[in-house]
Amino acid sequence: NAGVTQTPKFQVLKTGQSMTLQCAQDMNHNSMYWYRQDPGMGLRLIYYSASEGTTDKGEVPNGYNVSRLNKREFSLRLESAAPSQTSVYFCASSEGDPQTNYGYTFGSGTRLTVV
Amino acid sequence: TQLLEQSPQFLSIQEGENLTVYCNSSSVFSSLQWYRQEPGEGPVLLVTVVTGGEVKKLKRLTFQFGDARKDSSLHITAAQPGDTGLYLCAGASAGGTSYGKLTFGQGTILTVHP
Chain A
1 NAGVTQTPKF QVLKTGQSMT LQCAQDMNHN SMYWYRQDPG MGLRLIYYSA SEGTTDKGEV
61 PNGYNVSRLN KREFSLRLES AAPSQTSVYF CASSEGDPQT NYGYTFGSGT RLTVV
Chain B
1001 TQLLEQSPQF LSIQEGENLT VYCNSSSVFS SLQWYRQEPG EGPVLLVTVV TGGEVKKLKR
1061 LTFQFGDARK DSSLHITAAQ PGDTGLYLCA GASAGGTSYG KLTFGQGTIL TVHP
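Residue numbers (our numbering), protein chains in the order written: chain A, 1 to 115; chain B, 1001 to 1114.
Pulled out of the complex, with its shape left as it was, chain A reads as follows:
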């Protein structure tokens, strides 16, 4: 019962470096999401994918790109990391599309520090 698996758990980058955060779910969920969590600001949506083959911007997409590789995997890429991207990143999935009010299952997060 793995649920949503995120890798890596921790990462330190230098400004300007690139990296990809990986996310995989084994629940056959249609929708997947990337959020960032910063102190006092709750969770903010970066990108989401309502189904395999589609992706859309969320609230804070600048500086990020995503790929829905298949139904299981949804990756988040930082092309040129900036200190403002220091955050905890969460991947989530849900059974239906965003309109169906299903609860989200979250991964355990990636703590990213950009120096």
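Hints are not guaranteed to be accurate.
Unchecked claim - Label pairs and their in silico Cβ distance ranges:
| id | chain 1 | residue 1 | chain 2 | residue 2 | range |
| --- | --- | --- | --- | --- | --- |
| 1 | B | Asn1018 | A | Arg77 | 42 to 50 Å |
| 2 | B | Leu1003 | A | Arg77 | 34 to 42 Å |
| 3 | B | Arg1060 | A | Pro39 | 22 to 30 Å |
| 4 | A | Asn70 | B | Ile1013 | 18 to 26 Å |
| 5 | B | Thr1062 | A | Gly40 | 20 to 28 Å |
Bear in mind the hints are in silico, worked out from the structure with no lab data behind them. Glycine included, C-beta positions come from ideal geometry on N, C-alpha and C.
Since the structure of chain A is provided, determine the placement of chain B on it from the hints.
Quick look at chain B alone, frame taken from chain A:
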């Protein structure tokens, strides 16, 4: 952009006390969810409320969705140290281009002292 205001931001109480966390917005939501998050982990869904005025109970936790579907509350009776954590409310947009996607409140950090 829809906003969810959660209050209080911090709550420190003694074991056995009751507490209420509020989640308010000027926007209408199609549903509202409550999550609990522990340090180093992702949020875990506690409940989803869909109908205006709906009340759901989960052991000592009572969740209510406002009649107009703009607000919600979480009430914990006889809090225990195991209830310690970050509580997040999240509303699913009822219309427009953000239809269905969740907007999260800032969270309430609850500490229950033995």
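Against the structure, the hints:
1. B/Asn1018 / A/Arg77: 42 to 50 Å: 46 Å, holds
2. B/Leu1003 / A/Arg77: 34 to 42 Å: Since the Cβ atoms of leucine 1003 of chain B and arginine 77 of chain A sit about 29 Å apart, the hinted range of 34 to 42 Å is violated.
3. B/Arg1060 / A/Pro39: 22 to 30 Å: 28 Å Cβ-Cβ, so the 22 to 30 Å window holds.
4. A/Asn70 / B/Ile1013: 18 to 26 Å: 46 Å, violated
5. B/Thr1062 / A/Gly40: 20 to 28 Å: Roughly 27 Å apart at Cβ, these two residues keep to the hinted range, so it holds.
Violated hints, in rising order: 2, 4; the structure is consistent with all others.
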